[in-house]
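Residue strings, one per chain:
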Amino acid sequence: MTVWQIILVSSIAVLAIKLLGYLVPEQVLQTPTAARTANLVTVALLSALIVVQTIGSGQGILIDARVPAIAAAAGLLALRVPFILVIAAAAGVAAALRALGWAA
Amino acid sequence: MSAASDRREAWRASWAVGLAVAAYGVSFGALAVASGLDVWQACVLSAVMFSGGSQFALIGVLAAGGPASGPAAIAGATLLGLRNGLYAIRVSPIVGPGWAKRLLAGHLTIDESTAVATAQPTLESQRIGFWATGTIIWVGWNLMTLAGALVGDLLGDVSAFGLDAAAAAAFLGLVWPRLRALQPVVVAVGAAVVTAATIPVLPPGLPVLVAALVGVVVGIPDLLGSRGAAQPRLVHHDDVPPAPDSGESER
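Protein chains in written order, with the numbering used here: chain A, 1 to 104; chain B, 105 to 355.
One chain only, chain B, in its complex shape:
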């Protein structure tokens, strides 16, 4: 492909993924308010934390345990944010030098910006993919969070509108694209069993953290894995499809 068509393709992917994810910010805003946050708290989360999985995890724990579950909520959100650190290592050469640029890039380093960037064929189109996707999602995600929070504030009883079920479906949509091999499926099922077994005996938030250990226990010795087979390099886009936070699956 020519450089021009590479650039066009990068922009097209950025808009497709970006708009789908931004739309989804509306459910975060509404659910955040339903979890007991005020409109501004929801907006600060989207502006500063800016990582869908971590944001949903935080409000999920707060909804179940209230402010007393703060440490578990923080731990859950932070653990879910660890993958962003790996994405940052991966896209660091794409972003290039310059501390101000890297500081801004750091803020925009999420599932989708990494996925779109690493899926492009040339350095130039990778840069377009990263910055365009990150910027479109940041702007859209924050606008839609505000809209969702304002609407959620008006709704009152959110369970009558099924918003609690929407939160569960949101997590299901995030994990779905990752379940393409036996190993992650086994981890998902194991973590689900551990969670269900520990909900009645542990304080809110802790079952999620205990379940995370299932990933460590299976991951480090590579149980049921494909040792020796060609492992994708770190966050090759096979690991991070454009779908996770968006449901955009046509790519």
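This is chain A alone, in the form it adopts within the complex:
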């Protein structure tokens, strides 16, 4: 697939899901099981993506400056620091460690 095909197919799929929700009668999916499972699948996906972004490197695992950066981000989130600052801090920690030659 080309990158454009991937972008268009996925964008249309995500948009279609939103629109489909407006066609569903309100009671159909409104069970505790559906709501709970949807929420937990979202948590599982996000958690998996954190791991891939933090230690993934193609089809392999690589421990580098991203690990201390994500630890710093977790600490700041626990302190209720605004989201955009947490992202900037994570980037800053990784960039600083690399500039100092302390981490790859």
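No lab work stands behind these hints, which were simulated from the structure alone.
Since we're looking at a predicted model, the values are computed, not measured.
Incorrect hints may appear among the rest.
Taking lysine to any residue pairs in the SDA-like style, the calculated list, with each CA pair at most 20 Å apart, reads [said to hold, decoys possible]:
1) B:Lys205 - B:Trp242
2) B:Lys205 - A:Leu20
3) B:Lys205 - A:Val9
4) B:Lys205 - B:Val243
5) B:Lys205 - B:Thr239
6) B:Lys205 - A:Pro25
7) B:Lys205 - A:Tyr22
8) B:Lys205 - A:Leu23
9) B:Lys205 - A:Val24
10) B:Lys205 - B:Trp235
11) B:Lys205 - A:Arg80
12) B:Lys205 - B:Val152
13) B:Lys205 - A:Ile12
14) B:Lys205 - A:Ala16
Non-contacting residues of chain B with respect to chain A, defined by C-beta distances greater than 10 Å in every case (computed) [said to hold, decoys possible]:
15) Ser106
16) Arg111
17) Val143
18) Phe160
19) Asn188
20) Gly210
21) Pro225
22) Leu227
23) Val243
24) Asn246
25) Leu247
26) Leu250
27) Val320
All C-beta atoms, glycine included, are put in the ideal place defined by N, C-alpha and C.
Place chain B on chain A using the hints.
For chain B alone, coordinates are given in the frame of chain A:
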């Protein structure tokens, strides 16, 4: 509260959440370009897909696996977008009838517009919350994506600027507000372990999809859950705090 103060409060919440999330579009734009997309591809994603989690998931998989990982990237983005369908069911009565209005509302149905709308006390203020938040974020998110993509294009080697770590932190910020009970924490840890174990053996993108099954396995039988306790109705705002895509946590 009076109707006027309800309206004011809805507008205030919309701007607070909207501006915080829009600012965050800059990191999406920069990361999209770093993942190998061009500026226009980044902008189309923000304009059409318009769902932060799905957008970050897509570029994350593409960055690791390139265009060959397309099917896994599409599947990951689509799975993360499933919750928007549930939000749509929830806000459908708030939006009301009229197919053109519902078509537009569908496009704006995301974590934050749903969260702000459902947190308001009256139907009128719920409508203001939904449309104002959705519109502010759509406009801001797209402008900031363009800005981020243009800047990212100039940066070159993004790891020197720590942008790869920023992507990981972005996902952490999205999941953080959801970790308020034992069950989601267990799912998050389980999914992380499954992902780490499968990264070396599966093609890029697939570990994320396998890890999603942890949510299904725990969710359907309600393992470690609060069966019998008062479950929030579908996407009651307790489930969807105004924070997820924004870090806005003062509410």
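We went through each hint and held it up to the structure:
no., hint, result
1, B:Lys205 - B:Trp242, "holds (16 Å)"
2, B:Lys205 - A:Leu20, "holds (14 Å)"
3, B:Lys205 - A:Val9, "violated (24 Å)"
4, B:Lys205 - B:Val243, "holds (18 Å)"
5, B:Lys205 - B:Thr239, "holds (13 Å)"
6, B:Lys205 - A:Pro25, "holds (17 Å)"
7, B:Lys205 - A:Tyr22, "holds (11 Å)"
8, B:Lys205 - A:Leu23, "holds (13 Å)"
9, B:Lys205 - A:Val24, "holds (16 Å)"
10, B:Lys205 - B:Trp235, "holds (10 Å)"
11, B:Lys205 - A:Arg80, "violated (36 Å)"
12, B:Lys205 - B:Val152, "holds (17 Å)"
13, B:Lys205 - A:Ile12, "holds (19 Å)"
14, B:Lys205 - A:Ala16, "holds (16 Å)"
15, Ser106, "holds (29 Å)"
16, Arg111, "holds (25 Å)"
17, Val143, "holds (13 Å)"
18, Phe160, "violated (7 Å)"
19, Asn188, "violated (5 Å)"
20, Gly210, "violated (4 Å)"
21, Pro225, "holds (20 Å)"
22, Leu227, "holds (15 Å)"
23, Val243, "holds (17 Å)"
24, Asn246, "holds (13 Å)"
25, Leu247, "holds (15 Å)"
26, Leu250, "holds (15 Å)"
27, Val320, "violated (6 Å)"
Comparing the model with each earlier hint shows violations of hints 3, 11, 18, 19, 20, 27; every other hint is respected.
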